[in-house]
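Protein sequence lines correspond, in order, to chains A and B.
Counting from 1, one number per residue, gives the positions in the first sequence under the working numbering.
Counting from 110, one number per residue, gives the positions in the second sequence under the working numbering.
Just so you know, these hints were derived from the structure itself, not from any lab.
You may find that some hints are simply not true.
[To be verified] Ranges between beta-carbon positions, derived for each pair:
1. B:E166 with A:R43: 15 to 23 Å
2. B:L608 with A:K85: 43 to 51 Å
3. B:L201 with A:R43: 35 to 43 Å
4. B:R202 with A:F100: 30 to 38 Å
5. A:E70 with B:L170: 22 to 30 Å
6. B:G199 with A:K85: 35 to 43 Å
7. B:E155 with A:E39: 16 to 24 Å
8. B:L201 with A:K85: 40 to 48 Å
9. A:E39 with B:V158: 56 to 64 Å
10. B:E155 with A:K85: 41 to 49 Å
11. A:K85 with B:D156: 25 to 33 Å
[Claimed, not checked] Calculated from the model, a selection of chain B residues having no Cβ within reach of chain A, i.e. all distances over 10 Å:
12. G141
13. M146
14. I446
15. Y568
16. D592
17. K644
18. L665
19. M725
20. P768
21. R980
[Unchecked claim] To give an idea of the interface, some chain B residues facing chain A are shown, with a C-beta separation under 10 Å as derived from the structure:
22. H149
23. V150
24. K830
Quick caveat, the model's predicted, so the values are computed rather than measured.
Backbone N, C-alpha and C define an ideal beta-carbon position, used for all residues, glycine too.
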Amino acid sequence: MPKADKLQGSLDLLVLKVLSRRPNIHGYAIIAAVREISEEVLRVEDGSLYPALHRMEETGWIKGKWITKETGGRSRVYELAAAGKKQLVAEEARWRSVTFAIDRVLRTV
Amino acid sequence: MARQNSGGIMRPFPRVRSWLRSCFHRSRIENGMEDEMRFHVESYAEDLVRQGMRREEAVRLARVEFGAIESSKDECRDALGLRLWDELWGDLRYAARMLWRSPGFTAVAVISLALGIGANAAIFSLAKEVLFRQMGVPNAKQLRLFSWAQRPNSHVDSAWGSFSKNKLGEMTGAPFPYPLFVEMRRHNAVMEDLVAFKDIYKLTATVDGQAEPVDGVLVSGNYYPILGARVIAGRAIAPADEMSGAPAVAVISDAYWARRFARSAGVLGKPVDINRVPVTIVGVNAPEFKGTKAGGTPEVFLPISVQPEIIPDPSGSLLSNRELWWVLILGRLKAGITDRSATAALRLSFLNAYRSTFPEKKESDMPRFEIRPGGRGLDLEQQSFRQPITVLLGFAGLALLIACANLATLLLARSSARQREMSVRLAMGAARWRVARQVLTEAMLLAILGGAAGLLLGYAGRNLIPNLFEYSWRANTIDAPFDWGVFVFAFAITLITGLLFGIAPAWRSSKADLNSGLKEVTRVTMVRSKLLLGKSMVVFQVSLSLLLLVGAGLFLRTLLNLKSASLGLNPEHILLFELDPPQSRYTAQQRERLFARVQDAIAQLPGVEAATASAMPLLADSMGHTCYRPRGGKGAAGHGGTAWENEVGPRFFGTLGIPIVRGRGFTAHDDQHAPRVAVINRTLAKKLFPGVDAVGQAIESCSVGPLVKPIEIVGVSADAKYSSIRDEPPPTVYIPYSQVSELQSMTFELKTAASTGSIVPEIRTAVRSIDKDLPLLELRTQTQQIDATLSQERVFADLTSGFGLLALVLAAIGIYGIMAYTVSRRTNEIGIRMSLGAQARQVLGMVLRETSLLAGLGLAMGAVAALGLTRLVGSMLYGLRPTDPLTFLGAAVLLGVVGLAAGLIPARRASRIDPMQALRHE
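Okay, chain A solo, but in the shape it has when bound (with noise of 0.2 Å):
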């Protein structure tokens, strides 16, 4: 199973992605939903996301919020801030043409 953080720049836009569907969800389920959507080829691995996901929220692409559960401990969960919106579209056109242009080299070659 690949990782998905080593495909060059696929964490951040996977990411960001799978928060602006599904707001407000913690680091396990970015990395459930990641899982689950990709049918299990893609897997971010958590030593990787946490650290992405403090940087990305110092950058100011998504917020982080803390709720209490009701088994009273606390968990932190993530949601897309507007310069983090304008990310997104950026980083998944950039993503397009770049898979579009590997495709044709693909194909042609």
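Assemble the complex: chain A is given as a structure, and chain B must be docked to it using the hints.
Structure of chain B alone, referenced to chain A:
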């Protein structure tokens, strides 16, 4: 595929902000991370349980799969930029622990750095004030001061002000005749108007019936608006104030306002008398404006139009006097005008003004016009303080460099001692630069501790050095502010210092050899090469120390030579004070009568053995000279010559203890009705009347005209020093003051065994009974007066001896440190030597030989450097040459003995090594 912008480039500002937030809200962030990770593991475990796994198993698996939570957290920290902070903090804590564990080393380091940095900061604050402070007006850098240079031997008009010789041997000065100023101002095109001013010392201000001396400035009406000087109360002097018929006004300084009027608002409109002329105070200067003479602190600013009343001159108003060069001129360059084009334009303007002011004069007599930077106004301080302050800064810098070399030595020795620690760290995977950074952090921590202590020390001693420059009986006028500039300077030298002494040890530690560093046996072979760097540091340190000691010795001996120099007079038990009766109330004749009355009155006070007076106080750096020639001698150049003149009272020679070797001194009968008489000293007698008895001969002034009258020589005195101890007694002529027509102020000399405290009130009463408004000025003893002219020499002797002592102590510590370390590392080797039959004496000799080699090399290098450098202070010395062999030898012997003594302690320790123990130690 190109690397894509996935990480997101943060703008620097949010990054810094988030980093700072991360640093300061550390625990909250750490808790958050912990919680988030724990939640992740729990969720995963829940999933596993749902898939049918046992709970404990699920939790274990989740943990394992999540990997080390800690390492994950580390990566999060990295994303937040916390790692650098963590490492720095760790380094700092470790450094603090290391320093705490060796308090002796830390104390030596911090104290020596504090002394070095403190001295540098204090001297820097003085230099900043005395050499670089700009006038307290906006855009002071645009100001230019007018000046001139006169070829030697060209005809000079009379002038009032300060002059100096430039490199070409020309006389240069800044005063101009007032009519010339008016003319140049009228035809000025390159300056935003010209302003004139003149500093006047010792005006008498009578406020509410109390008379006291104040310093003043006469200023042209446009002075305030053109300079842009601010007033904080009332109004400034305006052009209307110099119109004829305008009421006399004054603006006072902030300091005078505070001192004399306690900052009362009632001062505006207050009438005061300046030299007996009533004037009204209309304004108060802003504190930052201290007039237009660097270092001056005038208290009263008056329109220049009051000159004829306040300081009347026998020749009439100076405002229309063409002959006297006296006012100083400042101008502000117009925007876009360069100095070169301004000088060219002003030279033309000066030429025209000179022609119209002096239609009868030849142009060859005209001085060359120049402009000087005027941001500091009239600047005589640069000239007199630049060399001494530069030399002091040099000394302080050397002292700090010695402290650096000393610390580098000690740190190198320590870093070698910590070889194993460093090797272990490297073996455990620490990067080399990490290890180096640790050592550098320790050095920086020391530097910052030393710098902080030094700044406190400098602050505490900020007035110490300026005070040493001042006359002890006057109020302190140099006010060197300890401001952010000094702080920045101290901080910068602290950082440089830390780098200087930290870099060699840091580099050394990072080079630790892993393999041998961990093995004890190899160290004997290592030590020698490793210590080479440390030993060269000690040699360097000793050589710098010798340099400082030689300097200190030269200045100390200069002071001693000056103090023991023969003066030709007896300064003991002589009290001096000055009277300066205002010209506005005393005519020349009244003044002469006043002086005679005062002299008689004080001579009769109980306990006074003798009293006299002189126009020039002796050995006070004041002088006046005139050209005299033998009566009837033609060709002034051949026979005549400049003589230093002093107008003195009866009993002058007896009171001051200057022997009369031929003829007689003056008596009360030598007054204006009697024939004119003079006493000359031996030097002048030899010059004017070689081979002939001077008594009975007559002299006359070199100038021509009906006023030249013959003066009969009635006595020849022994040579006595005149204005300065440094100068040999000049050819001197003494004239009774009662036969001189233009007397200004007078200094009275009293020979008394009574204490100053008991006699001064009696003098005050005596003078007050003659004129109750006449203040006693400059009250001091003749010895104090002589000491005051030596203040700079004393500052030098004090400070350089202090630096020399510091250097000596540090050299001892450095030598001790390196030798003690050598011995401890060679314990094993010495043990072997001793077990093979070496005697304690031989071991002692071996260590001492090494010490003397280090010290000797350092001394030799220092002596060479000193021979080259002491020339630079040659002009400041007295009675010895800069290469004085006695001083060099003394400094070298002192340093050598102290160095050997420092080496003796480790040497004895080495000689007492027990071979059995030393070998077992392995």
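Against the structure, the hints:
1. B:E166 with A:R43: 15 to 23 Å: holds (22 Å)
2. B:L608 with A:K85: 43 to 51 Å: Taking Cβ atoms as reference, L608 of chain B and K85 of chain A lie about 49 Å apart, which means the hint holds.
3. B:L201 with A:R43: 35 to 43 Å: holds (41 Å)
4. B:R202 with A:F100: 30 to 38 Å: At 55 Å between Cβs, range violated.
5. A:E70 with B:L170: 22 to 30 Å: holds (25 Å)
6. B:G199 with A:K85: 35 to 43 Å: holds (40 Å)
7. B:E155 with A:E39: 16 to 24 Å: Between E155 of chain B and E39 of chain A, where Cβ atoms are some 22 Å apart, the hint holds.
8. B:L201 with A:K85: 40 to 48 Å: holds (43 Å)
9. A:E39 with B:V158: 56 to 64 Å: Given range 56 to 64 Å: violated, Cβ gap about 23 Å.
10. B:E155 with A:K85: 41 to 49 Å: violated (31 Å)
11. A:K85 with B:D156: 25 to 33 Å: holds (30 Å)
12. G141: Check fails; 7 Å does not lie beyond 10 Å.
13. M146: Given a closest Cβ separation of 7 Å, the condition is violated.
14. I446: holds (53 Å)
15. Y568: Y568 of chain B clear of chain A: closest Cβ-Cβ about 42 Å, beyond 10 Å.
16. D592: holds (39 Å)
17. K644: At roughly 50 Å from the nearest Cβ of chain A, K644 of chain B sits farther out than 10 Å, so the non-interface label holds.
18. L665: Its Cβ never comes within 10 Å of chain A, the nearest being 64 Å, so this holds.
19. M725: Label holds. Min Cβ-Cβ 78 Å, cutoff 10 Å.
20. P768: holds (91 Å)
21. R980: holds (63 Å)
22. H149: holds (5 Å)
23. V150: holds (9 Å)
24. K830: At about 78 Å, which exceeds the 10 Å cut-off, the nearest Cβ of chain A leaves the hint on K830 of chain B violated.
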